[in-house]
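What follows is the residue order along each chain.
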Amino acid sequence: MNFFTLAAKNLLRRRGRTMLTVLGVAIAVSVLFSLLALNSGYEKELSKEVNSLGVHILAVPKGCPYEAASLIMHGGVIPKYLSDSDYRNVSTIAGVELAAPMLLHQFMKKDEKTGVSTPHIIYGINMEETRELKPWWTVEGRFFSDNETGVMLVGRSLADKENLSVGQVLPVGPKKENFTIVGILGRTGDQDDQFHFFPLKEAQRVFNKQGMITTIAVKVRDVSRIAAVSQEMEKIPDIQVVTMTQIMGTIMNLAGSARSLLLTVIAIALIISAFGIINTLLMSVNERTREFGMMKAIGASGLDIARMVLAETVFITLLGGILGTVAAVVGSSIIEGFVKGMLPYSPGGSLISYSPELVGFALAFSVLLGLVCGIYPAIKSSRLSPMEAIRGGFE
Amino acid sequence: MSGIIEAKGLCQVYRRGREEIQALKNVDFCLEAGEFVSIIGPSGSGKTALLNMLGCLDTPSSGSLRLNGIEIAGQKERDLVKIRRENIGFVFQQFYLMPTLTARENIELPLLFSKKKRSAKRIEEVLQMVGLADRGDHLPGQLSGGEMQRVAIGRALINDPKIILADEPTGNLDSATSEMIFCLFSELNKRGLTLVVVTHNLDLARRAEKMYTLRDGRIVSCEERACAEGM
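Taken in order, these protein sequences are the chains called A and B. Per my numbering, residue 1 is the first one in the first sequence, and the count goes up by one each step. Per my numbering, residue 1001 is the first one in the second sequence, and the count goes up by one each step.
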């Protein structure tokens, strides 16, 4: 028999109360664990998604804030444009491997059955350059060539949602011109699955934006020269340069407020749980005053009593920590769904990422929580005078 | 001859709110090694206060108390713990057994606090001594009152104390069981153990070698068994 088995056996005396306290700790640790897992997963997925653009630098019209650049990534439309000449200037800068002009256009489409209008995004692109940026693109049907007219590609999710198939003809633009779907993109797992893709010139013509470009995506030859190339690009009067690192930072900031809200929730959950543990321990210590008196009479020191109370607390919180971590891992998909709904921008892949260090941290945190919560009840019980305790005169 | 316990002019004052209670008033008391002593007296006469003082659970307000030659008055709680561990075994009226520990584990409990090496042989020996050799694996809830008190006596014996102090050890037991507990005490005394038993039961108290009577915090009489039997 040692202090830990003694503590465990003591806790079994009040099974119901112990289990409820363990449950409280488990919920708190589970939420904490999920948030931390989400934090690392979010950054990982975001950087994966930004990299999936295959782009190092985005050129956007001057006066356009970073937030707008982030919107472009997600298919947002901004009411300012660059020109074809800007594109030519950018492509000639030394160190630029590839510059791809893009025009974004958004239109609302009414669902005939439900009558609800949803925004649709059209990307005008040069296919040759885009395929160099995104070598992982595959297609069912075929890709279009840059000089073709009346053709389009659609993303996989969009095709599935709207029941589109290769060969289907859709009316597009103010004049309802007929465009044929020549190919459906293979699933990419990112935002490309949601878009319509037109040859750039066709998009400019149909939407009356001849010579206009929303953004120029730039891939540099040597990633260590990203800063130098962006400096060169900034010399072009109309252009504002945004690097992917900046975009990631902007998105992280956007998500930041939502994350601080989540952190507050966790902090409150932990505080409530801590007070619950302290309350349970104090009740149990008060009930056992005479018992502690007896223990002191048979040779226990104040330190022995404190150690026993602390062992009981750590037992409760460690058990709660283990349960909470297991619950977080098992229920991660539910938590992820909930959190995705709360964040203003969430990458496509799995947001929750676990590591052995994180599990270790959650368990170490549980032990620390136990020590912190147990300290007051432990000191209180260790200071009992054996005489007073046996007489039950403990307030 | 110097005793194992020597008390001179022992006073104990408690406060209960604004009220001051004099539990012990100028008590002189001497206990020789190997003696079996009982203390009787009405409720509130100071029996338990005296016993707690002898067991170093409390220090005197004034006067001197020496245990094995060591002065107890003025000692710190830390030192009192050590003195208790090495010298005293306590038996209480309510047994105070841990309900989730078996008889064997309850007896073993003081070893956990004294950091002495657990000896299975010693635990079995004590179980045998208190007549519970076959009940070691039972939980207190599965034992009778007499058996529970015997476990408590076993727990008091495990650290090999010099003195056993028992506070109303038969207060919760029927007369037949009380008789058995006193027989056990007599037997332990015959093996050389010093015993002080506080009790309300006059018949049992008379079986000790000496019987002190306390009233209003003072020792008012001391009967010796030899004399009592001679009268």
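Don't read these hints as lab results, they were simulated from the structure. Among these hints, one or two may not hold up.
Said to hold, decoys possible - The calculated DSS-like cross-link candidates involving lysine-lysine, where the alpha carbons are at most 27 Å apart (straight line), are:
(1) B:Lys1076 to A:Lys380
(2) B:Lys1115 to A:Lys380
(3) B:Lys1121 to A:Lys9
(4) A:Lys175 to A:Lys134
Practice item. Would you mind confirming whether the straight-line C-alpha gap from lysine 1076 of chain B to lysine 380 of chain A stays at or under 27 Å? Key: Answer holds: lysine 1076 of chain B to lysine 380 of chain A is near 18 Å, not above 27 Å.
Check your understanding: Would the pair lysine 175 of chain A and lysine 134 of chain A pass a check requiring their Cα atoms to be no farther apart than 27 Å?
Key -> 32 Å, violated
Review point. Has the given pair, lysine 1121 of chain B with lysine 9 of chain A, been kept, meaning a C-alpha gap of at most 27 Å?
Key: 24 Å, holds
Check your understanding: Is lysine 1115 of chain B within 27 Å of lysine 380 of chain A, Cα to Cα?
Key -> 23 Å, holds
Of the hints listed earlier, the one the structure fails to meet is number 4.
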